[in-house]
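Protein chains: 2
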Amino acid sequence: MPVYNPPLRDMQFVMHEVLNVCDDFRAMPVHAEVDADTINAVLEEAGKFASQVVFPLNISGDTEGCQLDQATHEVKTPTGFKAAYKQYVEAGWAALSCDPAFGGQGLPLVVNQCLYEMLNSANQAWTMYPGLTHGAYASLHTHGTDEQKATYLHKMSSGEWTGTMCLTEPHCGTDLGLMRTKAEPQPDGTYKITGNKIFISAGEHDMAENIVHLVLARLPDAPPGIKGVSLFIVPKYHVNKDGTLGERNGIYCAGLEHKMGIHGNATAQIVLEGAIGTMVGQPNKGMQGMFVMMNAARLGVGNQSLGLTEVAYQNALAYAKDRIQMRSLSGAKSKNQPADPIIVHPDVRKMLLTAKAYAEGGRALAVFCSVLLEKVHHHPDEKVRKDSDDMLSLLTPIVKAFLTDNAWTATTLCQQVFGGHGYIKEWGMEQYVRDARINMIYEGTNTIQSLDLLGRKVLGNNGATLKKFGKLVTALVMEEGVNEKMAEFINPLAVLGEQINKFTMELGFKGLQNPDEVGAAAVDYLRVAGHLVFGYFWARMAQTALREIANGNTDPFYAAKLQTARFYFAKLFPETATLMRTARAGSKVLMDTELALA
Amino acid sequence: MPVYNPPLRDMQFVMHEVLNVCDDFRAMPVHAEVDADTINAVLEEAGKFASQVVFPLNISGDTEGCQLDQATHEVKTPTGFKAAYKQYVEAGWAALSCDPAFGGQGLPLVVNQCLYEMLNSANQAWTMYPGLTHGAYASLHTHGTDEQKATYLHKMSSGEWTGTMCLTEPHCGTDLGLMRTKAEPQPDGTYKITGNKIFISAGEHDMAENIVHLVLARLPDAPPGIKGVSLFIVPKYHVNKDGTLGERNGIYCAGLEHKMGIHGNATAQIVLEGAIGTMVGQPNKGMQGMFVMMNAARLGVGNQSLGLTEVAYQNALAYAKDRIQMRSLSGAKSKNQPADPIIVHPDVRKMLLTAKAYAEGGRALAVFCSVLLEKVHHHPDEKVRKDSDDMLSLLTPIVKAFLTDNAWTATTLCQQVFGGHGYIKEWGMEQYVRDARINMIYEGTNTIQSLDLLGRKVLGNNGATLKKFGKLVTALVMEEGVNEKMAEFINPLAVLGEQINKFTMELGFKGLQNPDEVGAAAVDYLRVAGHLVFGYFWARMAQTALREIANGNTDPFYAAKLQTARFYFAKLFPETATLMRTARAGSKVLMDTELALA
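Residue numbers (full-length UniProt numbering), protein chains in the order written: chain A, 1 to 598; chain B, 1 to 598.
Please note: incorrect hints may appear among the correct ones.
Because identical chains cannot be distinguished in the list, a pair is counted as satisfied if it fits within a single copy or across any two copies.
List of simulated lysine-lysine pairs, DSS-like, C-alpha gap at most 25 Å [said to hold, decoys possible]:
(1) K588 - K333
(2) K386 - K467
(3) K321 - K588
(4) K76 - K425
(5) K335 - K227
(6) K333 - K510
(7) K467 - K383
(8) K86 - K149
(9) K588 - K485
(10) K182 - K192
(11) K588 - K335
(12) K192 - K227
(13) K333 - K227
(14) K149 - K241
(15) K502 - K588
(16) K227 - K182
(17) K468 - K383
(18) K467 - K510
Don't read these hints as lab results, they were simulated from the structure.
Construct the entire structure; sequences and hints are all you get.
Following this line, the structure appears as structure tokens:
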């Protein structure tokens with residue numbers, strides 16, 4: 001019953017009118033030839049695949065879930081998942097932005113970003129099977145040996161094999177230093193790995209012929225803690241020299257979790273019983289390779305929530321126009337009907353616009369990040385590579401936490417638009433809420449993201465990277481400060497841009513005296529930073545829309561964009577007022593609570 | 001695996017130390033003899049029943065759900081539900097606060113309030129079966145004929161028969177004026193009723209021998225809209241003159257909804273095929289009787305969310321003390337363990353304290369409301385009855401919407417404390433979130449509550465009732481304004497008390513010019529009012545705690561209460577800063593969005 005229309009027009013707007021991504025690509029030899037038409041044409045096809053093949057499996061996949069055969073340890077995915085994945089592989093979607101050296105199509109990452117936004121809108125649970133492969137691919141591409149790359153990357157680019165990341169154990173999630181899984185060196189240079197992993201997304205399934213697990217484990221002589229963790233490739237099936245599949249490796253699915261959502265994805269308990277693996281990177285430096293994957297996954301999780309926000313919005317909008325109930329407070333609007341469509345009610349519009357503003361702001365940020373990542377890999381200028389890496393490091397926890405918190409709000413509000421029907425499975429809205437929930441938790445909880453942002457990315461370099469983002473804001477303010485039509489967007493942004501510097505310095509100072517001050521303020525801080533970033537992109541989108549209108553462009557898309565920008569600055573952005581106040585309320589009221597929390 | 005300890009100490013604190021409910025009862029002849037010991041003793045037993053009998057069925061009830069036999073139209077509730085209900089009836093819990101004239105025990109409503117908070121903590125889905133009966137009972141008690149009362153109220157007091165409210169139809173929820181179900185008068189004074197109802201909670205089940213449906217329907221000559229709706233009793237089984245059960249009536253369950261949560265409760269599609277009913281109250285005045293039930297239900301829904309907030313808090317607290325992961329930012333706290341319990345982290349404490357502050361503030365408000373309702377029914381002074389009724393009318397939408405929104409936040413945060421384990425069904429936390437979700441929707445969505453509050457309860461009488469609440473605030477400010485120890489609680493409350501008057505006047509003025517201004521501000525306004533009310537009760541609780549400490553009472557309960565009060569005012573109350581700002585941003589940015597919402 002739900003609908004999904006790929007937001008191609010908005011993607012084109014962000015890519016080609018606001019951010020001019022092809023200008024950036026022209027500076028990179030590998031992408032110098034990429035043009036907007038190519039990108040748009042690929043995404044149009046991608047949208048068809050997402051909406052026509054993957055989307056119809058979303059509710060059925062949730063209802064059916066995954067089944068583990070305890071005897072064979074094999075997992076059966078929901079009906080239709082395997083066939084859709086076969087189409088995905090055959091059409092080459094897996095290889096879109098992969099390295100041509102390993103069979104990839106070499107398109108810019110922004111294409112993959114937009115493909116995955118649409119796949120996530122269509123079906124988050126299904127999309128996690130191919131989605132996790134990209135992180136494992138990136139980790140091996142960066143840290144693997146030539147032999148490892150030759151053995152695995154072609155098959156991962158094609159999607160014939162999928163990847164996982166095996167970090168978590170029952171007693172350790174956030175705190176990977178507590179890890180117990182052991183890797184014993186073998187005479188042939190391989191390792192025999194033994195231990196228990198949990199929460200392994202796409203950890204076992206029937207969609208690909210092999211699964212390439214990237215597993216964290218400890219060497220016998222490893223130092224304690226996170227500095228004694230190494231990374232290993234542990235394939236489900238060994239790979240023969242000629243590339244064919246060999247024996248089954250000693251890595252099994254021992255159970256599947258019963259979860260709140262993403263039922264179509266197999267969240268596996270993985271047992272390693274002397275499984276044979278090869279090391280990726282250096283001994284005890286496993287987190288280096290894992291962080292490549294984890295950073296990709298964090299951006300990917302933000303993208304999951306972007307997708308859910310968009311699809312929830314589209315469905316709530318359709319329902320709000322269709323459902324008639326009560327009259328407008330300002331007088332009947334549909335006099336030929338017994339009641340007005342509920343979209344006439346201000347609060348219904350507020351709920352819809354919240355989701356819309358979060359989706360479109362999130363899309364601009366996500367596309368921006370994909371271009372940064374492209375520059376990190378492919379820009380000829382080392383300084384640009386370094387600056388892009390810094391900026392992406394700053395924005396990654398914001399993408400992960402701000403987009404996923406926003407999606408929780410947005411999917412909940414879109415469900416609310418449906419009234420009682422929103423609580424009923426058949427309408428599909430409650431699934432978006434359940435699926436969105438995990439995104440705030442996995443790949444580092446949103447509290448962890450906030451500590452990463454404030455503690456490491458901001459205070460860790462005395463606000464240097466934040467100031468770089470601040471320079472973008474200042475440049476825009478300078479550029480548009482005298483444009484009266486931009487005042488409603490520029491003024492609040494300029495104010496926050498100034499406030500956040502003082503706010504950051506304050507927190508840095510307090511944090512030096514008492515580190516708990518950082519922990520107490522971090523979650524509020526991340527949302528303030530998120531609004532600075534969203535405010536910047538919303539102002540740029542408004543700037544582009546105003547420019548087009550001034551140039552006589554009558555496409556209503558631009559006037560619509562201005563309406564959403566106005567809503568964003570009037571109704572969502574002011575959240576920063578409370579956030580700065582509560583952050584400043586400090587840690588004492590949290591920490592002096594031994595009796596209250598007894 | 002989850003735990004639940006009835007919060008008897010906090011209930012006693014609120015009832016006997018803060019609100020001194022027995023002083024109020026002494027002024028009412030029917031309750032003049034009730035003392036604290038009696039109330040406490042009953043609640044201690046109630047807590048055992050809730051935690052030992054009903055709580056263990058919560059997760060299993062969610063997993064198993066209800067089954068409809070399509071051939072017989074009978075519903076099988078989850079294993080154990082029926083047996084627990086039998087114990088409930090036999091122990092007399094149903095009759096606790098019912099009228100002795102109909103077999104009730106005649107205890108004050110506050111006892112029932114606290115019983116139901118505990119039952120809701122234990123198992124919301126189970127508790128809805130007996131819970132809805134109270135509203136139907138109250139409606140019949142107020143509007144039924146003597147014959148109707150004699151026929152139904154004894155069995156409903158005892159719990160042998162349960163009640164429902166049948167309002168919603170597929171095309172009408174909020175807008176009951178669109179209702180189509182028809183009632184044709186019969187020569188014997190009864191009515192033959194035909195139509196389709198949906199979303200009927202506890203609409204069919206195997207726990208009681210009869211179900212007393214209160215059904216809204218239209219007479220053949222009814223005027224259109226809400227002024228043409230009448231109320232009828234339609235029992236599942238007819239009742240013979242001697243009180244025994246007769247023939248099966250023509251009212252059937254045609255289907256059960258598949259829902260996000262409250263799986264243990266049967267949400268029935270009800271078909272009436274010439275079902276025979278008798279009218280309650282006057283023709284076309286059905287909403288009068290229904291509103292008795294609906295107001296009871298709205299307080300009841302707030303109480304459901306209070307219960308969920310409390311139990312989610314208790315479990316998150318236990319987990320946060322038990323789970324070790326990472327070190328405190330301010331240095332290791334449990335040096336003999338490989339990591340610290342996660343409760344050392346400021347943001348974990350913030351999540352826990354948010355739930356605690358919402359639970360305890362909600363408890364004070366809910367108890368206060370139950371005393372108001374008692375006064376409405378039993379106070380000898382007419383003015384007190386009238387004032388109490390006004391105040392309760394004002395507070396009812398706040399209880400419904402503020403407590404349920406808070407519970408959504410609180411259960412989500414408590415789930416977050418569990419990290420990945422929070423997403424797994426076995427831990428029980430995700431169920432609290434799913435169950436809490438319906439409370440924001442049913443019995444009038446929270447948007448409807450906000451319009452009821454701002455449009456009808458506040459602006460509808462030019463702020464007169466709000467000013468009455470303001471007088472309570474002012475009295476407290478006057479009483480404690482010079483007490484330095486109370487300053488941290490009184491000062492923010494005093495400021496908001498002044499701000500809200502100006503804020504309300506502004507909205508009233510804007511609303512006169514454009515009614516959509518009311519609709520645009522209402523949801524924000526309700527949360528501001530909610531914080532005024534919570535701020536008042538938190539200040540009163542702090543006042544009591546400070547008094548006890550000053551008197552030399554060394555029970556750590558009081559110091560704990562002060563810690564939570566400080567947290568509330570420092571971290572939650574400041575939300576009002578943003579809310580007033582966004583409300584003031586007005587309706588234009590919502591309504592001038594035809595293109596954005598195209």
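Hint-by-hint comparison with the structure:
no., hint, verdict
1, K588 - K333, "between (53 Å within a copy, 17 Å between copies)"
2, K386 - K467, "within (15 Å within a copy, 61 Å between copies)"
3, K321 - K588, "between (48 Å within a copy, 19 Å between copies)"
4, K76 - K425, "both (23 Å within a copy, 20 Å between copies)"
5, K335 - K227, "between (70 Å within a copy, 19 Å between copies)"
6, K333 - K510, "between (55 Å within a copy, 21 Å between copies)"
7, K467 - K383, "within (16 Å within a copy, 63 Å between copies)"
8, K86 - K149, "within (23 Å within a copy, 66 Å between copies)"
9, K588 - K485, "between (44 Å within a copy, 17 Å between copies)"
10, K182 - K192, "within (8 Å within a copy, 74 Å between copies)"
11, K588 - K335, "between (58 Å within a copy, 23 Å between copies)"
12, K192 - K227, "within (20 Å within a copy, 78 Å between copies)"
13, K333 - K227, "between (66 Å within a copy, 21 Å between copies)"
14, K149 - K241, "within (13 Å within a copy, 86 Å between copies)"
15, K502 - K588, "within (21 Å within a copy, 33 Å between copies)"
16, K227 - K182, "within (14 Å within a copy, 74 Å between copies)"
17, K468 - K383, "within (13 Å within a copy, 66 Å between copies)"
18, K467 - K510, "within (19 Å within a copy, 41 Å between copies)"
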